[in-house]
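Peer 1: Sequence order for the protein chains is A and B.
So in my numbering, the last one in the first sequence is 321, and the numbering has no gaps at all.
So in my numbering, the last one in the second sequence is 1257, and the numbering has no gaps at all.
Do not rely on the hints blindly, as some may be mistaken.
Chain B stretches covered by chain A per the calculated footprint, using a threshold of three residues with CB under 8 Å from any CB of chain A [stated by the list, open to error]: (1) 1062-1072; (2) 1089-1095; (3) 1150-1162; (4) 1231-1239; (5) 1244-1255.
Just so you know, the hints here were simulated from the structure itself, not pulled from any lab data.
Just so we're clear, the structure is a prediction, and the values are computed from it rather than from any experiment.
Glycine is no exception: its CB is placed at the ideal position from the N, C-alpha and C atoms.
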Amino acid sequence: MNVLTVSGLRAWYVTRAFGIEREVRAVDDVSLAVARGEIYGLAGESSCGKSTLIKTIAGAVRPPLTVIGGSATFEFGDRRIDMHSADPADVLAIRWRHLAYIMQGSMSVLNPLRRVRHTFIDFAQRHIGKPELEFLAIVRAHMQRLRLDPAILEAYPHELSGGMRQRVTIALATICRPDFIIADEPTTALDVVVQKEVLGLIRDIQREMGSSLLFVTHDLAVHANLCDRLGVMYAGRLVEEGPTADLLRAPRHPYTAHLVASLPRIGDTTPRASLSGAPPNLADPPSGCRFHPRCPLAMDICRSETPAMRGTDRRVACFAA
Amino acid sequence: MTTLIELDAVSRSYTIGGVLGRRHVNAVQRVGFTVAADGPEVLAIIGESGSGKTTLARMILNIVPPSSGSIRFRGVPLHHVRRLDFMRQVQPIFQNPFEAFNPLKQVDRYLFTTARRFTDGDPAARADAALLQVGLSLAEVRRRFPHELSGGQLQRIAIARALISSPALLVADEPVSMVDASLRMSIVNLFAELRDRLGVSIIYITHDLATAYSISDRIIIMRAGEVVEAGEARAVLDHPQHPYAQQLKNAVLSIES
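Construct all of the structure, not just a fragment, from the sequences and the given hints.
Peer 2: Have a look at this one:
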């Protein structure tokens, strides 16, 4: 059963200055589904629309970001909620209890002037709805379950290392045992050793709670070690999707193939190829397939028509695949 | 053997905190290595954040002086080297190309300013020649502002700017950590190419073991300001000896695992 169903979602940044309308098509016709208990990875470079997509899914849409079409629907038990047509009160009611969000910059999540305890109270107490002492007891029990020292609650954010702060934001996001967790580049700012530990923590929590996880990062190696299924985005569109191991072993889209081939590996001394050109400007994307100016396999049809996602288990949007 | 740059037991400590709770942090402790003047190489310096990599780079670039120990450039202590001469021969490349360029200034101005300062003749011709070395041309970047270019292009322009004075050494501090995945290898490959074609040595500071493995000749692994392991890059990373180096290597995720 799918917990999240996104279909034909279009979210553009629409600005108007001096009567000239300008639109940046950050998410353009994206469809995907995440099943219960599944870890879905979303890969792509900066400015490919990853963050806009998850903002839209989480219902954090504010101008100039505008949902032009499509829907993002969550199903929690018998509760079905479309994030963009539902009553704001209903959306608020599922936040944190059912839908949690692990953010990238732990330093900007935690209030630098207050002890960690207060951040927990500010974020989560109203969602749990218990008096302060009882709430803090729940927080302590939760932190022990994550093998974190509850004494951290009395620390200020600057007294903690980057990895520890990221663990605190994970504890914060999972305090209500949510059904669905969105994680936006949670390990990108961390060193390799710490990154491995934090990924282990995320995997343990996800297994223990049986939640679904939408994990966003540009690092394919992280996806390979965590995600069940992987979707690759390029210039605002989903270009390939499939089971992670399968997709990385035999990528079908030329962009995915390039990303995989360009990864350097320790123990492998063969030179790595690199692609010419740069990701397109989404205010003025290329016609047809958005990858065609950089694609080694580009044909005439790629310049004029946009390839649709084809397939069921393994999906790919490419005329040459 | 003549040396280009020679570090001998270099340390640097910082004082942090105010009147109360003042303490000293040893950012770099007794680090020593040399880069030879003959035979260009890519020397990778690897470590986690807080291991002293950037402080070391700033000392080599003569931006901060060491607290103790000595750095010699072609045999002359760094504080005796003539500044303009040193800048001509040792050039920096910084981490974030979006912050390295003033957003209100056209990027070709940086190239012209550097060309006028360090070379005679037509600055435009010199800038164009340097851009050709990094796979761009002056026509592509002329009158462009930083926001009109991608991170990869900006980092190439930063490298071209560094090449204008025909330096003997580039010090690149995390040059690809802000560059997109599809463009990262092209920048890293460019370093190896510059070493082979122009004979410039490169000190490549990074936390990414895999790119260091693919292009460097020698490697230095740092932890908490100290060198824990150093040697030929492939030998060190294929068979790390120090427990910390082994831990680092084991923590690197790959798509096969």
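Peer 1: Would you list, in rising numerical order, the hints stated earlier that this structure does not obey?
Peer 2: 1 and 2
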